[in-house]
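*Asks:* Given chain H's structure and the hints, the job is docking chain Z onto it.
These protein sequence lines map, in sequence, to chains H and Z.
Per the numbering used here, the very first residue in the first sequence carries number 5; after that it's consecutive.
Per the numbering used here, the very first residue in the second sequence carries number 20; after that it's consecutive.
Source of the hints: derived by calculation from the structure; they are not laboratory data.
Don't take every hint at face value.
As the list claims (entries may be wrong) - Label pairs and their calculated CB-CB ranges: (1) Z:THR845 with H:ASN33: 23 to 29 Å; (2) Z:LEU833 with H:ALA84: 20 to 26 Å; (3) H:ASP102 with Z:LEU802: 27 to 33 Å; (4) H:VAL16 with Z:GLY814: 55 to 61 Å; (5) Z:GLY810 with H:ALA82: 20 to 26 Å; (6) Z:THR845 with H:VAL16: 32 to 38 Å; (7) Z:GLY823 with H:VAL16: 31 to 37 Å; (8) Z:LEU803 with H:ILE90: 26 to 32 Å; (9) Z:VAL847 with H:LEU109: 22 to 28 Å; (10) Z:GLY823 with H:ILE90: 27 to 33 Å; (11) H:ALA84 with Z:THR845: 22 to 28 Å; (12) H:ARG99 with Z:GLY823: 31 to 37 Å; (13) H:VAL22 with Z:LEU833: 19 to 25 Å.
Said to hold, decoys possible - A few chain H residues facing chain Z, derived, Cβ under 10 Å: (14) LEU29; (15) LYS31; (16) ILE35; (17) LEU39; (18) GLU42; (19) ARG107; (20) HIS110.
What the hints assert, rightly or not - Some chain Z residues flagged as far from chain H (calculated, every beta-carbon gap over 10 Å): (21) VAL764; (22) ALA795; (23) ARG805; (24) GLN830; (25) LEU834.
Built from N, CA and C at the ideal position, the CB exists for glycine as well.
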Amino acid sequence: MNAVTCFHYYVVACVLFVTGLFCILSKRNIIAVLLGAELVLNGASLNFATLGVWPASMVDAAVDGQLLALFVIVLAAAEAALALGIALSFYHLHRAPDVDEARELHG
Amino acid sequence: MLSIPILLTIAWLLPLGSFLAILFWAPRLGKHGSAAGLLATVAIAASFVCALAAASLWFTKYPIPSAESHHPPYGASGSQPHSQDTRLADPSARESASAPGLWTQGKAASKTQGPSQLILWNAPSDRSGSTERSSRPDQASRVSPRHELANSPTREPLGPVPLLTGDWYVLAEFGHLRLTLGYYIDTLTILMVLMVTLVATLIHIYSLGYMHEELHPEVSDQEILAGDPPQPIRRPGRFARFFQYLSLFCFSMLGLVLANNLFMIFIFWELVGICSYLLIGFYLERPQAVRAASKAFIVNRVGDFGMLVGLAAWWGAAGTFHFADSPRSLGLFSRVAQAELDHNRTGQVVSPGIREQPSGQVVNNPDYPERPVAYGLLVLGGLGVFCGCVGKSAQFPLHVWLPDAMEGPTPVSALIHAATMVAAGVYLVGRFYPAFPPEVLLVVAVVGLASLLLAGMMALAATEIKRVLAFSTISQLGLMMFALGVGGWTAGLFHLLTHAFFKALLFLGAGSVIHCVGTGDMGQMGGLVRKIPWTAGTMLVGCLAIAGAGIPPWVGLSGFHSKDAVLAQAYLLMNYIPGIGHLLFSLALIGAAMTAFYMFRLWYLVFWGRPRSLDQLHHAHESPPVMVVPLVVLSVFAIIAGWRLPGLGWGIAPALEQARPISFISGQWWPWWVVPPEAESHQDSIHVVVSWLAFTAAAVGFVLATLFYGTGLFRLPSGVGVLNGLVLLLQRRFFIDELYQRLFVAPALHLASWAALIDRKIIDNLAEKLAAAVVAVANSGDLLDRKVVDGSLVGLGQGIYGLGRQLRQVQTGLLRQYLLAVVVGTIVIFVLVQFL
Chain H
5 MNAVTCFHYY VVACVLFVTG LFCILSKRNI IAVLLGAELV LNGASLNFAT
55 LGVWPASMVD AAVDGQLLAL FVIVLAAAEA ALALGIALSF YHLHRAPDVD
105 EARELHG
Chain Z
20 MLSIPILLTI AWLLPLGSFL AILFWAPRLG KHGSAAGLLA TVAIAASFVC
70 ALAAASLWFT KYPIPSAESH HPPYGASGSQ PHSQDTRLAD PSARESASAP
120 GLWTQGKAAS KTQGPSQLIL WNAPSDRSGS TERSSRPDQA SRVSPRHELA
170 NSPTREPLGP VPLLTGDWYV LAEFGHLRLT LGYYIDTLTI LMVLMVTLVA
220 TLIHIYSLGY MHEELHPEVS DQEILAGDPP QPIRRPGRFA RFFQYLSLFC
270 FSMLGLVLAN NLFMIFIFWE LVGICSYLLI GFYLERPQAV RAASKAFIVN
320 RVGDFGMLVG LAAWWGAAGT FHFADSPRSL GLFSRVAQAE LDHNRTGQVV
370 SPGIREQPSG QVVNNPDYPE RPVAYGLLVL GGLGVFCGCV GKSAQFPLHV
420 WLPDAMEGPT PVSALIHAAT MVAAGVYLVG RFYPAFPPEV LLVVAVVGLA
470 SLLLAGMMAL AATEIKRVLA FSTISQLGLM MFALGVGGWT AGLFHLLTHA
520 FFKALLFLGA GSVIHCVGTG DMGQMGGLVR KIPWTAGTML VGCLAIAGAG
570 IPPWVGLSGF HSKDAVLAQA YLLMNYIPGI GHLLFSLALI GAAMTAFYMF
620 RLWYLVFWGR PRSLDQLHHA HESPPVMVVP LVVLSVFAII AGWRLPGLGW
670 GIAPALEQAR PISFISGQWW PWWVVPPEAE SHQDSIHVVV SWLAFTAAAV
720 GFVLATLFYG TGLFRLPSGV GVLNGLVLLL QRRFFIDELY QRLFVAPALH
770 LASWAALIDR KIIDNLAEKL AAAVVAVANS GDLLDRKVVD GSLVGLGQGI
820 YGLGRQLRQV QTGLLRQYLL AVVVGTIVIF VLVQFL
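Okay, chain Z solo, but in the shape it has when bound:
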């Protein structure tokens, strides 16, 4: 019978199969590789079907908690022992306040049960179940047993996070260190796999139309002119290769999502990186594409350097690569959980190997034979891993590669921006959330907010359609990071999932526009709404979704719900940490307003008003159905992805809530920094206010964009020095690229030229001298060989030859001489015998 892990593994391996098939048999796959696209599409679609089957199995087994049972605890704040004012003033109240946030699902229960019990039932995989597991260690996969421990009468019991984990294959084993390939499946994994396969399937289908030109045996690239007179260069079509890379990309991303240990994460993290490199540089004849691909790769190296340090630090802290507990040892999360519990409860580490039983009695815990996790290592690991996520998710200050990555084909941009590459960074922060100490979360929040605002401002002035979308991606990812940083685990990942749909939609729409018009410059567009109504309509849906349109506080497009959740969490922060909280919340609101502004600026510039280039308009035509259908499907998802199923209350957000990990509540080093428990942000009082505020912000952005670009009533006054300077500053992206060029690239090039100089002048010279010396030695040796060794042998031979010639004279052939010699010889012998 097909189980969930097997289904997901099939979904994971199908793209790999497609990749290998195209790799080995591309020339045989139809005319010019036309079947390769179909193969890849079928593979990823089958992956999606597998993921869907796994998801249905999963949610049958672990139903999503219904909205009704979910809300009362948040609403019934009167039963909570603390009001927000006393909590910060009174340290003992703080103590009890921290527990519900730490064990996020145990809010009310914490009071009645005491924190000592919580350890039993809220770890990602339950510790008390370990004896049960160790009795059958051969079992590959296991489910953490739900325990009916929270027997408080006031609320329904919540079990541990449902989790399936296990190893498929052991790569190597060094002592306690096991390098394995395995799976770690919780609701987050299920949702991510679903989202990645669905978006990727639609992008594959779209690519079948978009990359149609590559089917020709010879493609002329209009972007590069060569020769005299200049002509577009011609190259062979690369249809099969494109789909091959897409398949590898999907395989890598799915592997990253399924990974159950740090080592596997690292493998697929790097695979995702190399795939983006290959696809951004797909038009490898264009120098700017090659430069963009290299830039993406090198900037990611900077991030991955931190990532490697972080993974090593975590490994050093936990002593294992695995997230979850296994029959052999505790996993990373459990060990971290122990550390954070100790830190938060007593301010110092409880000695390892001892834990409290529910009855309050202190016993030796055989699960903790090792030293406790060092808090400093946790912080270092968190910062390092986040550094990798900053690189992959193109957050400030490593955002520079993403706008340049627009050189790749548009479906690739869609895939990178929606489902694979940049989503990986946010996903990873979400996955490692239990191991991120609050100090790191503060960094995450600040970096996210900086990216949100900076990229939003850059998007205001961008003139190329895909670049606007690229900046908007950075900005939205910043919003997700911000949400995660301020404790909005569900909010951030919810926004990641909804964002995937509308960002894929927007990119595919932009691709459709470029396909129709033949350029990405918005200065040459305008008035396209009549020519390409389907694209215009679906893109309008995308813009509305990303701006967060809706009817507050009830219903809206997907972006409305997810952005609402993020902002609600930020609003909650205001209650916890007044000063900084207010600042962060208002900045996030400004970010939301900017999002609406630049998205509608884009839409108006492209589709509205008068056509600025009649020539372009004349040629414009709607894209083929194979490209339009994915747009329509994606726009449907962009609308509904945030909804909850009426009655049941099922939806992405409650489903994510099911997978919520334990997390830190307040920093050990910076105790003032408190991560507010997310559940409180669902309170109606917050929810209503925030949704109106968010709606107002978006509406302001929309109205401004309409006034400036939609109606033409207002125009930016030209000729004002300050404004021009500002626009220049934004268009040059705050000169950050130039700064990096000056700070890092130019010194590196200088260093390289110096190294080259040293190489050429000193090392080459030395090598040449050395070579000459060796030649001289060889020559003398040759001389010795020829003259002495050869000479002696030749001389010997010649001497013997000469002797032979001399002796030859003796043999006269004269009979009488011989006889005389005999006689004389006889006489001589006689004489000799006689006298000697």
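Extracted from the complex, chain H is given alone in its bound form:
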């Protein structure tokens, strides 16, 4: 049984990131898009945390990655609140949660 290394964490973070990205790209429902965005954020913050535990060369900066992950979580919470507000008003505007309805920026 191999020990868990930073590589495993990277894989998980990558899976999270790609899953979230795929979710954003494939889902039309705005809620699903938000969910995907959360996944992307989580994948990214996991990466930060991992880099904080297994420093490659920058030993002195070890704690920073952990702290950054915390910041990301907080920011994600704030962003989620904001995004839900946007989703709500979007729904009011279009009477549907479908993001493809929002084509006001169409050239």
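*Replies:* Just chain Z now, with coordinates in the frame of chain H:
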């Protein structure tokens, strides 16, 4: 203090002021310009007053030599060293004979003093005074000092010709050439200014009455019919314009008389010409008036061409424009005098810069730094200037314009014929007399005599009252030219001055007749003496004056004295050059007889006998006083102008004698041609004979006219072929007009039509082709511009626009697509960074 030049300049400029005032303010000058006439009249009258004041100053300063002191030299011919027979035979006697004529006032003195002294005191402005003048060169005007050089005990000393000259204004200066406006005042100038202003004043006053119709805002000209049915055309009255032109005319003539250099002469010469053009064509609606004005102008151009050549030749000969000496240089006359002295004394030119002193010693003369005057240039200049005078004075062969000029208003005819236009030519010959070599004088005499006879004959058959007078003017001017040509300087100019009075009188009288009767055709007149007695009486005075009536040999009307002087000079010529002299004298006598005949023919046809048109007679009425008074005044002058003041002996002729210039005595090329000294013609032996002969000639003319036209005893037989042919020949003026028409006018018109043809067919065609070619080039350029230049820019714009449209498709507004693009882009960048 008012000096003579200032007074005369004021007299000269007043008409100009009137001209300008009318030019600028005519609409404001009274109703329909009525005040304009008054303004012009007052201006010219003031001019006359100025001239009178100047004349009185002049004659106080330089009194006219009294008749007593004037005559003895002529009478005392016994003291003269030569009799007329030996003079021509013996060349040495000829030599001494030429001197008195050359220096006309130095007859007896020449013998005692020798010719070398004469040069000192007889030039128009004295040469020995030049040092005195040059010491004060700033002085504008100067008088040639009189020198008491002729100290011969036998006769009283005669000084140089009194002369005032100077420049008012320098127009330009090119090296030695100075173009100036100035004055040259001698007795001739004074008399001319007096005569011009006096006659012009009277004509102005007369015009106030004669041109009265022009005061109406609308004038109907009965001479031209237009429209359907034909009616007299209507035009606005031109009262102010008439007087404006009159003022300009007087100004030009006075300027010509006052001029002191060739350039100024030319300016005013041309101004006189243009004024005559304007006034002859005054009734500009009448085609014949316009034609007459153009004819006068063009014929004068022919003369002025010669004039210009002549002035240039003289300028080339003398190197200066000025007549008189100035502190800077010698004048034309002095340089010519030197030339003629040299020619006559030695037959060859004394080298320049050397002259003889009175003591006989030869010294260098600083006044002659330049080359001597070339005789050929003098002759050319004289002929050229005389050519101009022929044009202006309407001498044969350039006389054709004057009869046609009768189309102008009658006062204009009077002004042209008496005081201004035609007088200018004779005046100019008189003024340039010192510069006319004898060869030219012979031409002058011949042309004058030809004009005298031809115009006299034409007058015999003319039927229109003004035309008779026009021919008579040509004839009388011919007499003046003849007189000048045979050496009668005083006689010719004397006749010019007296002629001015009676010719103005005759023309104004004719105008009065036309005014009364309404036509100028003498065939419709007759018997007018009862209806218009004042006009008839004054015209009778004019006829008597021009015919030369008088009691020979003592007293007569003005024409008697002046014509007498002319004929006396011609008689004198008989003594000098027997053959030609006899011919010329007898022809001149015939001319005098013809003058009397046609003038009395006119008078009888108009005023005497039975009225040939009762209708005309019925309407006839005497002219208003404003027209009659000038007639009376002029007839007084026509009577007395030739008289000498009893006791003092003052008169026009002695006054003119005072201004007599030096002149040539015999030709260099034609030595046989001798100009007789005029003083000899005053001898009693000549004077008595000539005055009887002249009187007889005039009496013959008068009697013939009375027999044919006054009494009706004789009539011209009609139906005789030869006579009819002769009358036709005279009435058609010897077909000279037709000849000119064939010789000059028709070829000119032909040439013009050919030129027009070339213009239209070739040049116009070429121009059109050229234009078409230019249009074609322009079109291709336009095409290039539109298709290539514009096209490329538009294509670029459209391409960019299209690209923009294409790119617009990319911006879908779909959030997920954008995100996909970001992802794919990131991956692509990653790949690129990784593998490239």
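*Asks:* A separate judgement is required for each hint: does it hold in the structure or not?
*Replies:* Here's how the hints hold up against the structure:
1. Z:THR845 with H:ASN33: 23 to 29 Å: For Z:THR845 and H:ASN33 the Cβ distance comes to about 25 Å; the hint holds.
2. Z:LEU833 with H:ALA84: 20 to 26 Å: Hint holds: Cβ distance 23 Å, inside 20 to 26 Å.
3. H:ASP102 with Z:LEU802: 27 to 33 Å: violated, 58 Å
4. H:VAL16 with Z:GLY814: 55 to 61 Å: Because 58 Å falls inside the window, the suggested range holds.
5. Z:GLY810 with H:ALA82: 20 to 26 Å: violated, 59 Å
6. Z:THR845 with H:VAL16: 32 to 38 Å: Taking Cβ atoms as reference, Z:THR845 and H:VAL16 lie about 21 Å apart, which means the hint is violated.
7. Z:GLY823 with H:VAL16: 31 to 37 Å: Given about 46 Å between the Cβ atoms, the range is violated.
8. Z:LEU803 with H:ILE90: 26 to 32 Å: Roughly 60 Å apart at Cβ, these two residues miss the hinted range, so it is violated.
9. Z:VAL847 with H:LEU109: 22 to 28 Å: holds, 23 Å
10. Z:GLY823 with H:ILE90: 27 to 33 Å: This hint holds: roughly 31 Å between Cβ atoms.
11. H:ALA84 with Z:THR845: 22 to 28 Å: holds, 24 Å
12. H:ARG99 with Z:GLY823: 31 to 37 Å: Holds - the Cβ-Cβ distance for H:ARG99 and Z:GLY823, about 34 Å, lies within 31 to 37 Å.
13. H:VAL22 with Z:LEU833: 19 to 25 Å: Roughly 21 Å apart at Cβ, these two residues keep to the hinted range, so it holds.
14. LEU29: holds, 5 Å
15. LYS31: This hint holds: H:LYS31 lies near chain Z, its Cβ roughly 8 Å from the closest one there, short of 10 Å.
16. ILE35: Check failed: Cβ of H:ILE35 comes no nearer than 14 Å to chain Z, outside 10 Å.
17. LEU39: Status violated, d = 14 Å.
18. GLU42: violated, 15 Å
19. ARG107: holds, 4 Å
20. HIS110: Holds - the Cβ of H:HIS110 comes within 10 Å of chain Z, reaching about 3 Å at its closest.
21. VAL764: Holds: least Cβ distance 90 Å, greater than 10 Å.
22. ALA795: holds, 50 Å
23. ARG805: Label holds. Min Cβ-Cβ 34 Å, cutoff 10 Å.
24. GLN830: violated, 3 Å
25. LEU834: violated, 5 Å
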